[in-house]
Every structure is written in C-alpha cells, then in structure tokens.
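Novice: Sequence:
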Amino acid sequence: MVRVAESSEDVVISALGWIFAVILVALMLPLLAFLYLDVLTQKAEVKQQTEKVEKLRREIERTKRDKTPDSITDNPVFDRVRRPF
1 MVRVAESSED VVISALGWIF AVILVALMLP LLAFLYLDVL TQKAEVKQQT EKVEKLRREI
61 ERTKRDKTPD SITDNPVFDR VRRPF
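At position 2 of the sequence shown (counting the first as 1) the number is 2 in the numbering used here, and the numbers step up by one without a gap.
Please keep in mind that the hints were generated in silico from the structure rather than gathered at the bench.
Beta carbons are placed, not taken as given, at the ideal position from N, Cα and C, and that holds for glycine.
It is possible that some hints are incorrect.
As the list claims (entries may be wrong) - In silico DSSO-like cross-links for lysine-lysine, where the CA-CA straight-line distance does not exceed 27 Å: (1) Lys64 - Lys52; (2) Lys43 - Lys55; (3) Lys47 - Lys64; (4) Lys55 - Lys67.
Stated by the list, open to error - Using C-beta positions, here's what the derived DEER-type ranges look like: (5) Gln42 - Glu6: 45 to 51 Å; (6) Val39 - Arg62: 33 to 39 Å; (7) Lys55 - Val25: 43 to 49 Å; (8) Pro30 - Arg57: 49 to 55 Å; (9) Lys67 - Tyr36: 42 to 48 Å.
With the sequences and hints as input, model every part of the structure.
Specialist: Okay, here's the thing in structure tokens:
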C-alpha cells in the first residue's frame, strides 16, 4: 500500500475538526448535567406528591370505613329491602 503525503491544508483542517469536536463536547456535557439534575429533581417531587396522594387516599378510606351513620338513612343496615314475615 502506498502512503500519500498529506498536505499542510489537510493537517490544518483535521486539527480544526478535532478542536471543534472537543469544544462541542465541552459545551454539551454541562447541558446534559443540568438536564439530568432537573430530571432527578422532578422525580423527587413526583415521589413526594404521590406519597401525599396515597396518604390522603388512605385517610379517606379510613374515614369511610369508620364512619358512624348520622341518621337512619345513612346506615347501610336499613338500606336493605324488608320482606314481610
């Protein structure tokens, strides 16, 4: 295989390409880090809100289960259809 000599213009273009690639990576890394931190923050907030909703759901279920009837119509025992003897 015969090696072709590179001209000085090819070397300069190659060096500029590498410099541009390094600058691009150096600019993208902080942006990706900010994005990742934002995702982690949102994940923590969603977890916190989900826990609040679950707590409220359990509280509502507990109050429904432990509720005492206010009147005779609220009592489920009296909601049944009465059959004559």
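Novice: Against each hint, give a clear statement of whether it holds in the structure.
Specialist: Here is what the structure says about each hint:
{"no.": "1", "hint": "Lys64 - Lys52", "verdict": "holds (18 Å)"}
{"no.": "2", "hint": "Lys43 - Lys55", "verdict": "holds (18 Å)"}
{"no.": "3", "hint": "Lys47 - Lys64", "verdict": "holds (26 Å)"}
{"no.": "4", "hint": "Lys55 - Lys67", "verdict": "holds (18 Å)"}
{"no.": "5", "hint": "Gln42 - Glu6: 45 to 51 Å", "verdict": "holds (50 Å)"}
{"no.": "6", "hint": "Val39 - Arg62: 33 to 39 Å", "verdict": "holds (35 Å)"}
{"no.": "7", "hint": "Lys55 - Val25: 43 to 49 Å", "verdict": "holds (45 Å)"}
{"no.": "8", "hint": "Pro30 - Arg57: 49 to 55 Å", "verdict": "violated (41 Å)"}
{"no.": "9", "hint": "Lys67 - Tyr36: 42 to 48 Å", "verdict": "holds (47 Å)"}
Comparing the model with each numbered hint stated earlier shows that hint 8 is the single one that does not hold.
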